[in-house]
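For the protein sequence lines, the chains are A and B, in the order given. Numbered according to the working numbering, the first sequence spans residues 1 to 592. Numbered according to the working numbering, the second sequence spans residues 1 to 84.
No false leads were mixed into what you were given.
For lysine-lysine, the following BS3-like pairs were computed, each having C-alpha atoms within a straight-line distance of at most 30 Å:
(1) A/194 to B/7
(2) A/205 to B/9
(3) A/9 to B/7
(4) A/21 to B/41
(5) B/32 to A/205
(6) A/9 to B/28
Hint data in this document are derived by calculation from the structure and do not stem from the laboratory.
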Amino acid sequence: MRVLVNIDKVYETIHSLNDEKLPQLNITILRNITIDPLDAYIQYFAYQSGFLGQIQMGEYDNVMQEALLPTTEIFNHKPDFVLIFLKLETLSSKLTSQFSALSEKDIQEEKSNVLTYINSVLTGIRQKTAAPVIFHLFEMPCYPEMGLYDSQRQDGQSNTIQYLNAEIRAPRKNFSDLYFVDLNLCLMRLGHEKFYDNRFWFIGKQPYSLEAMQEIAFENIKIIRSIKGLTKKCLILDCDNTLWGGILGEDGIDKIQIGNVYPGAAFKAFQQQIINLYRQGIIIAICSKNNPEEVDEVLNHHPEMLLRNEHIAVKVVNWQSKTENIQHIAKILNIGLDHLVFVDDSAFEINLVKEQLPMVSVIQVFHEEPENYSNLLLSCGYFDKLSFSEEDKSRGKFYVDEVKRQKEISNYVTLDDYLKSLKMELEIKDVDLNYLARIAQLTQRTNQFNLTTKRYTEDNIKDFIAGNKSDVLYVKLKDKFGDFGVIGAAIIVYNNGDALIDSFLLSCRALSRGVEDALLCTLIKRAGKKGCKQICAEYIPTKKNKQVEHFYTDRGFSTVDERREGENLIYRYHLDLSLSAKIENKFHGEIR
Amino acid sequence: MSDDVIKEKVFRIISSIMNVNQSVLSEKTTAKDVEGWDSLKHMRLIMALEREFKIKFKPAQIIGMENVGAIINDLAERHPAIPD
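Next comes chain A alone, as it looks inside the complex (with noise of 0.2 Å):
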């Protein structure tokens, strides 16, 4: 569905990048074909990512030993993703090439060698890198070797293909932030004649197609964007010719081209998948230019939608500037512009917003082709995730009845009798090996009310709480209108009789509540029984969390020092510990 983004283009961009100030991302390659420019491509959408992309590409079929040996350099760039291609003709060219010579013991012995050599691969790199690994899952033949006879056959070569990648997706032990692209996916996209290049392939050892490379750049960018937190939490839609064929507002509502014949079929269609996306924890907003009492008479009744208001958490329908509507959406959401994905079948509107609001993402889509919409949002990317958590199956819903929420603080007097109302129940505990997936998604995704930004991978939490050295506590917040399960955390480090607060963060569904005066004060009791004396805490200042800047000296810390670490400002505060219980608990609400 994406164009082929013109290479020279391309490489424009990518020359032009070295005076960028950019964070920078260290991607090292490991191959045993030629890949090139699939760095130029990885490049160019790192940098639309907002990175600064540096390459480091592994000799050609050198994998074993940059893996293995002692003295390779490849990982001394402290690479933040490793990526392996491993093809399996050239892995083994007895399952792709040779594959009716062989017995069934043959296929299990060359099995076995081919999954051995890969774990031997993966166990060199964690030695010498904690980084996330991708790894390309081998690709199926498009003509087996015998035809017809192959796809009758359970072990037959294809089947062994399959075995192989499910074989290499099976869980490991000690072995976390393995990722996957599945090159079959790309191969499907694209198709086979596309996808490969036979003449660079024979000349160069160089198997795929220029546009096979972008496909599967992107497909590794989709990966590192969610890894780095950033993957958009908001669908926009604008209703006439987006949601359903025809103009609301001229047709009318039985007039409108929603349900089972073509056109109303295909935008039928689309809206199952935003249904999809709603249930994967996205949330749902409605921007359209139209009156509001007939967008919720066909949200209510019209009998083939099936997007309605339950799903939808903010509808914006009214006559004024999309510009303005989609940043009165993100402030109700409280997310940033940067998480919002905005559809829209108007050129003038996209590109409005393009021109004004730069960090929104937004699709055109093309009213005559309303098959397309579909395949349109999802080759974005934009909400792709790699895992999925109880949290987020609910996610959807939450903002739904948060926006009630906020409806009905309009009745309280004060904030705090709104809060008390709210019967909020909290619980800040230690996290066990079952948090670990959850903790370690909020310390990649939560930018706004974070005070250092470290981001940490599972394993990285599951090393904090080994030992005790170091403790990390979850927060669970429930209250009358639902729950919002863990929307927080914090890890505390002591050393000496002192104790350091290393992150703390809470999801921004969770803030103005007390929340947070709540988990300061169990990190200090906690402190406290440890037998620390003093308890430290670090601000890290970011574009997106200015507005903790002051959270430690609002509550009784005295600032110590400012440095600098790399790119970083790093302000250093304290608090002896017997003035403490100047700390007030703001929280109402009930804390086990």
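Fit chain B to the known structure of chain A by using the hints.
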């Protein structure tokens, strides 16, 4: 497409891929004359030319290109100039 247009495009693409100034390029330039014009960059160049001119080179042409002029001539034959 006129020969001049082809020439200009080819020079621009080579300079962007090899990351060299266009002024160092002429029709007599060979891969050896340009620092970094190795077999990898050569494949990059072929792919970029194929995108730009919407053509496909035969493998024998890919490995047999003598110099920049040969590339331009080949493209000119495929894209005969349309008289004004």
